[in-house]
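Novice: Residue-level listing of the chains:
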Amino acid sequence: MIARALPRRRALLLGVAGALVLLLALAPIASADWLTPESGGSSNANDIDTLYKIVLAIGAVIFFGVEGLLIYATIKFRRKRGGPEPAMVHGNTPLEVGWTVGAALIVAIIAAITFVYLPKIKNPPNSSANGLQQLAGVEFASLTEPKPPNGKALHINVVGQQYIWRYDYVDAQPRLTENRPVFSYYEMVVPTNTTVVLQINSADVAHSWWIPTLGGKQDAIPGHNNYTWFKIPKPGVYKGQCAELCGNNHADMLAEVRAVPPDQYRAWIAAQRQGILQSQQALAAQRKAGEGQ
Amino acid sequence: MATQELPGGQLPALTGRRSNGAGARPEVAIRGIKARPTGWLSWLATTDHKKIGLLYLYSTFLFFMLGGVEALMMRLQLAESQNTLINPQTYNALVTMHGTTMIFLFVVPVLAGFGNYLVPLMIGARDMAFPRLNALSFWLLLFGGILFYVSVFFEPPNAGWTFYTPLSETAFNPSNGVDAWIFLIHLTGLSSILGAINFIATIHNMRARGMGWARMPLFIWGILIYSYLLVLALPSIAAAVTMLLFDRHFGTGFFDVVQGGDPLLWQHLFWFFGHPEVYIMILPVFGMISEIIPVFSRKPIFGYKAIAASTAAIAFLGMLVWAHHMFTTPTPVVVLAFFMLSSFAIAVPTGIKIFNWIATMWRGALVFKVPMYFAVGFIAQFIIGGISGVISAVFPVDWQLQDTYFIVAHIHYVLFGGSVFGIFSGLYYWFPKMSGRMMSEALGKLSFWLMFVGFNTTFLVQHALGLQGMPRRIYTYQSANGWGVENFISTVGAFVLAAGILVTLYNVVRSVKVGKKAGNDPWNANTLEWFVQSPPPENNFDVIPRVRSAEPMKDIRREVAAAGRPAGSVAQPVAPGT
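Taken in order, these protein sequences are the chains called A and B. At position 97 of the first sequence (counting the first as 1) the number is 97 in the working numbering, and the numbers step up by one without a gap. At position 422 of the second sequence (counting the first as 1) the number is 422 in the working numbering, and the numbers step up by one without a gap.
Heads up, some of the hints might be wrong.
[Claimed, not checked] Interface residues of chain A toward chain B, partial, derived using beta-carbon atoms under 7 Å:
no., residue
1, Leu51
2, Ile54
3, Val55
4, Ala243
Calculated directly from the structure, the hints in this document are not laboratory data. Every residue gets a Cβ at the ideal spot worked out from N, C-alpha and C, and that includes glycine.
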C-alpha cells in the first residue's frame, strides 16, 4: 500500500511542478496580449489595459496562493494507513477574522486603484497641436458628455441600426444642408491627434459601440445618449463590431475607424459631402424621370 | 438523557444490523411498512417528497442534456471562421434555448430537486410542510419546460436568454417563441415561488427536536436562503415579462421609447431578478460542498457559523449588485461606482467560504471518493470564476470585457465549473441514499477527469478570445480576426466535457441495476438522511432522532460505539406511552 502510495504522490507533485512550469511558459504569451485587453489605439484603451494588468496581477497572486493551498492540502492530507488522526477543530476565530479583513483589504485596494485610473479613462485630454484645428466646439448639449480641459473636441454622432453603424459628422463644415451634417456608414474617418467625442444612440434595438483598441464599449440604447471618446496618435484602421445582440445578423454588424492626418480628414469630408450631394441629385433626377413616364 | 438508559429492545421497530466487528455502523431496519404503490400512476399522483425530488432530478437532467446538445451545436458552428453549418437565426435560437434551459430548467430546479429529496430527511421530518403544493411545483415546472420546447416546432425565440427590449418586442421579434418564453418564465417562476414557500415553511417549523439554527446542516442553510432569494427576486421578472406580454399584444409601451417607455427599464427589472438568480444557483451548491468536504476530510466543518452567516451575507449583497450587468449602459458614473463597490463586497463572504473549505481539509484525513473529486474540482474552478468576477466588477475594465467571451468564460466558471461540478458532487454523494446502491468509483473518476479537462479546455481559452475582442452571441467571425485556433480548442474541449457527462449518465443507469448495495450510511456521514434506510421508506423516520449537535450521525455513531448497543436504541427519544 505504502509502496503504491509513494509514486502516486510523486506523480502528483510532478504534475504540480509541470503545471507551474507551464504557467511560467505562459507568461511571455501573456505579454503578447493574450491575457490582456486590446490597446494601442487611444490612451483610454491603454489606461484600461494598465488597470486590468494591475488587477490581474493581484488576482494572479490570489489565484496561485489559494490554488496552491488547495493542491497542497489534497496531497498532504490524504488519508494514510497509520497516518495522523484528523484534527478535530471547529474553527479559529482570529484566523477567520484575519482572512475576512484580508479579503476586504484586497478589494479596497483594487477599488482605490480603480479610482486613481478612472479620471484618465473617463476624461479626454486636449487635442494636440498637430491635430485638427479650428474645432467648431459644437457640443451635444449634454451635461454628461466627456469634455477635454479646453472644451474643444470633434463631435461625431454614432447611430446603431440593424445591422450597420451610421456616423454624423456634426461639427464638419460645410454641412450637406442647414440641418443635415455630412454622414457615412460602416467606416468612420477621423483626424489624428484630435480628441473625438462620440455620442452614441440607436435607431431601433440596443447595440453596443466597440472598437477594442480605442477603448471600452458603450451601449447604444433607443431613447438614450451614451458617450465615449478617443484620441488617435497613429494613422491607421481600427476595427470592431457591435457587442450587444441586436438580431439575426448581429455578427455582421462590423465597424471601422480610419485615422488620417487632419488635412486629409478635411479633404475626405469635402469629398464625402460632394459624393452624397451628387448621388442625391442623381436620385432626384431619376425620380423625376420616373414621374415623367 | 433518559433515552440512553433504555435497553435496545424497547423500540421494537428499530433493530441494529451488521453490528459485528470494527466496521460497525448504525443501520436501522424499519419493518411493518406497507409496500409502496408501484406503476406510473404512483408517480403522477405522488405527494411523497422523495418521489417528487426524483421527478425533479429526472426531468432537469433531461433538460440538461437538451441544453448540452444546443451548446455542442453552437460550438460546432464556431469551430472555424465563417462556418455555414448553422444559419444566423438558428444560431440565435440555440443561444436563447441553451441559456434559458440551463438556468430555468436545469440549475434552479435541479437544486429544488435535491432540496425536495433531502430537506425533510436532513431535518428529521416525514415530508414537506405542503406535500400537494410540492407536487404542483413540480408539474408547473415540467409543463413550463414542455411549453417552451414546443416552440421548437414553430418559431423558437432568438432574442438571447436576456430578452433585451426592444429586440424582444413584436416589431423586431414577432415570433411566438418569445411568448412561449414569457409563459415559461411565469410557469417556472410560479413553480419556484411555491416551492420556496414550501421550503421556508418546512425548514422553519419541522426540524427535529434539538435542531436549533446553529445545528442545521449547511445544505439546509443554503436551501433556506435560496428560497428567500427566490421569493424576493422572482416577482421582479414576473412583472417584467408581464409588461413585455402587454407591450407585445395589448398595445402598452412600457419599453417603447415612442410611447414614453424605456428599454432600460427592462434591463433593470431583468437584472434585479437576474443577479440574485446567480446566487440562487450557487448558494445551495455551497451548502452541498459544505456537507461533502467535512465528510470526506473526516473532520468537522471549519467555521460553521461563518459559513452560514456568509451565505446570508451573500444573499443580502446579491440583491444590491444587479447593475454590474449594465456597466456599459448610459448610467452616471456614481451609480457605476456604487455597483462596483457592492460587487467587490460580495467577494469577501465568498472568499470566506473558500478559505473555510480549505481549512476544513487542512490536517484532515482526506478520502478521495468521487464526490470529493468533484468537490475539490468545484473549489479549484470556482476560485477562477471568483477572480474573473472581481476583474469584471472593475467597471472601466468591464467596458472592455462586457458582452465578450471573457464574460462567457466567467459565467461558465461559476455556473458550470461551480454549480454543475457541485451538483455532480451531490449526485455521486446522495445517489446511494436515493437508489440504495453505490455508483462505480472507476467510472466516476473517469467522468470527473474527462469533465475537468474538457471543461477547462473549453472555457479557459474563452477568456483570451474575449480579451482579443470576440463578442458573445455572434454566429460567426472573420478569419482575419485570428480567433480560429482558440475557438477550435474550445470546441474540442466541449466534446470531451460532453463525453465526461455521458460517462456519469451511463454510471447512473448501470449502478441503479448492478451497483453495490449501499447500506444506510456508506460514507460515514454527519447528517440525518444517513440514519434511515437507502432508499428511505415513505414515512422517512419511524422515530425521529434527537439532535445534539450539527453532526447528529457522528453523535449517534459515537454513542453506539460507547454503549455497544444497536444504533436505534441510542439517539431515539421515547414516544409517549412506550
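Novice: Tell me, in ascending order, the numbers of any earlier hints that this structure violates.
Specialist: Number 2 - this is the single hint that the structure violates.
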